[in-house]
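Using the sequences and the hints, build the whole thing.
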Amino acid sequence: MLKTVRPLLLPLIFGLMTLPAVAADLEQPMKKIGFNYKQAVKADDAATMEKHINEMKAQLDVAKQKNMPAAKKEKFLEGMNEVQTELDASLAALKAGDEAKAREHLAKVNDLKKEYHKYAKQKG
224 MLKTVRPLLL PLIFGLMTLP AVAADLEQPM KKIGFNYKQA VKADDAATME
274 KHINEMKAQL DVAKQKNMPA AKKEKFLEGM NEVQTELDAS LAALKAGDEA
324 KAREHLAKVN DLKKEYHKYA KQKG
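For the sequence shown, the numbering used here gives the first residue as 224, with consecutive numbering after it.
Everything labelled a hint here was simulated from the structure, so no lab data went into it.
Just so it is clear, CB atoms sit at the ideal spot from N, CA and C, and this is done for glycine as well.
Pairwise CB distance ranges, derived in the manner of DEER restraints:
1) 251 with 307: 15 to 23 Å
2) 293 with 261: 30 to 38 Å
3) 287 with 333: 14 to 22 Å
4) 258 with 341: 19 to 27 Å
5) 293 with 320: 37 to 45 Å
The following block contains the structure:
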């Protein structure tokens, strides 16, 4: 009996051991996105906002590449793509000299975070 169960248990145990590593894998880019979001919102000038938005975009690309449960991956990527769109719109507004519009797009990023954040959670 043990000989037939053992081959099934080992992959399960190793799979469970990797879950915390996967969660930690996504945690860093998400924290960096959050930090840069706060810095962009607090920024007093367009150049500082642009710097932090560009860093958010870079970390967004990193986060999109991370492994996660298949059940959440599609919605997670959908949310990340929507955030990417808002960040691009915010940068375009900054380039056009419309800082108020850029801030509106950043506010939408925060709304998207509230909507999609549950899909960034690694469990189930």
